[in-house]
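Chains as they are written, first to last, in my numbering: chain A, 1 to 249; chain B, 250 to 478.
These are computed hints drawn from the structure, not numbers from a lab. Treat each hint with caution, since some may be false.
Sample of chain B residues facing chain A (criterion: CB under 7 Å; computed from the structure) [stated by the list, open to error]: (1) A253; (2) S257; (3) P334.
Covered stretches of chain B (in silico footprint by chain A; criterion: 3 or more residues with CB under 8 Å from a CB of chain A, positions within the stretch not fixed) [as the list claims (entries may be wrong)]: (4) 262-274; (5) 285-292; (6) 303-311; (7) 404-415; (8) 420-430.
From the three backbone atoms N, C-alpha and C, an ideal C-beta is built for every residue, glycine too.
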Amino acid sequence: MFFYGFLGISYDFRWSVLWTPPHDSWLIDGLLTTLRVSAASWIVAVLIGILVGALRTVPFRPLRIAATAYVEFFRNVPLLVWLFFWYFGAPEFLPESIREWLIHHGAEFVCAVAGISIYHGARMSEVIRAGIQSIPKTQLEAGLSTGLSVFQTYRLVIIPIALRLIVPPLTNESLNLLKNTSLAMTIGVAELTFATRQIETYTAKAFEAFTAGTLIYLALCLGIAYVMNRVERKFAIPGLIVRAGRAEH
Amino acid sequence: MDWAVIVSNAKFLILQGLIGIGQFGGGTLRLAVPAILLGFVVGIILGLGRLAQRRWVHYPAAIYIEFMRGIPLVMVIFWFWFLVPVVLRRPVPEYWIALAAFVMFEGAYIGEIIRAGIQSVSRGQVDAATALGLNYIQMMWHVILPQAVRNIIPSLVTQFIVLFKDTSLASIIGMMDLTKAAQTVSQRELRPFEMYLFIAVVYWIFTYSMSRFSQWLEVRMSPEKKPAL
């Protein structure tokens, strides 16, 4: 199909490059890698987030300072710089045997997951901390005064409210993580953006390749946002939760 | 570890990479500052557009914002990198491609902040402005926007921090910013650890001081939190 018209620009559309060998599987492989990097980084980031979020509330000052320093340093430096740092810079201080192992087991993947989860762990901890702090202490007191034990109060009152408060910002932050995995292409992880660029390089069909990549990202992000929005509404407590805007990315 | 490599390359990293003075153009600050100013203009248009009553204004603005927020910034940069030279039919320096991509991308996020700011101004202000006989433009300019902007200044500073960090992505299409400068030096000197740690600290000094400024503003600008004199 030959297209000629808009602003006098001619462009020969050939969408078939997306599904003809050898590049037919690249987009799918890229998508799967994006999902793998996202899932692994998400799990580690949430664990870091819970741990650091908790450490920032313990009654022991050095731990609180260490946790705050971690959060403030890691989330305020661009993720791209962290990826370069973990992939190119940090391995020179690892023992020879570990470096050898990394090279044979996909150093790019490991470094990408490390970089993304350490960066997003710092951001997750802020989300989790804000969620916990937004629960008034009176909830705990009210629970205890009705005769519930501390454990029961947490199980029946605090955690159900905390989860509802945390889910919207957590969804937002998780989508940021998903979109940020696109930076892993810079250290050679063959994720979706990498695959898109590769198809573009091999076929010189940039428009088709970028359109495909863009639509896949859009479907992923809007799909997750839609599902989580439904979940949020289903479990909303009337009058308690005002939907927070998704400002930062 | 060899820290002398930072001292001997500091001039290139700071002048060329951070500020953008030198033969390569580019520069992190030279990209970030115009990007936030122009992004603010685009943001006001999109924010007002999304709040408009007319459907043909409301829907394009809403679709644009949701579209931009649903894809990674890298993808947007690649789109501009491919489309701008095709549409203009001549090669365009990476700096201008990056600037255009950042303005259009951040504009969507700033648009949402502006929308939240306008919605935070109470309905009575609109009624009062209407009762005074102001038209839409007068009402927005003299009544709503001044209050809305005051409410959202902390969020705007936060967004500027985000944008400042995001400018590192311009290095992917080869623009000489702080990240690209560090990459260039570390390839020549083979000292990636020192280089990336150094620019991490440089980025951090800027973003952290801005975030402290934003916290200070937030306390200062909300009357209920203002400390007693």
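Hint check results:
1. At about 17 Å, the closest approach between the beta carbon of B/A253 and any beta carbon in chain A exceeds 7 Å, and the interface hint on this residue is violated.
2. Because the beta carbon of B/S257 sits about 18 Å from the nearest beta carbon in chain A, more than 7 Å, this interface hint is broken.
3. Hint status for B/P334: violated, given a least beta-carbon distance of 11 Å to chain A, over 7 Å.
4. Chain A is given as covering the region 262-274 of chain B, and this is violated because 0 residues of the stretch bring a CB closer than 8 Å to a CB of that chain, at least three being needed.
5. Beta-carbon proximity to chain A at under 8 Å applies to 0 residues in the region 285-292 of chain B; the threshold of 3 is not reached and the given coverage is violated.
6. A count of 0 residues in the region 303-311 of chain B with a Cβ less than 8 Å from any Cβ of chain A is obtained; the coverage claim is therefore unmet, three being the minimum.
7. Check result for the region 404-415 of chain B against chain A: holds, 7 residues qualifying (beta carbon to beta carbon below 8 Å, three or more required).
8. Here's how the region 420-430 of chain B fares: 3 of its residues keep a CB closer than 8 Å to some CB of chain A, so the rule of at least three is met and the hint holds.
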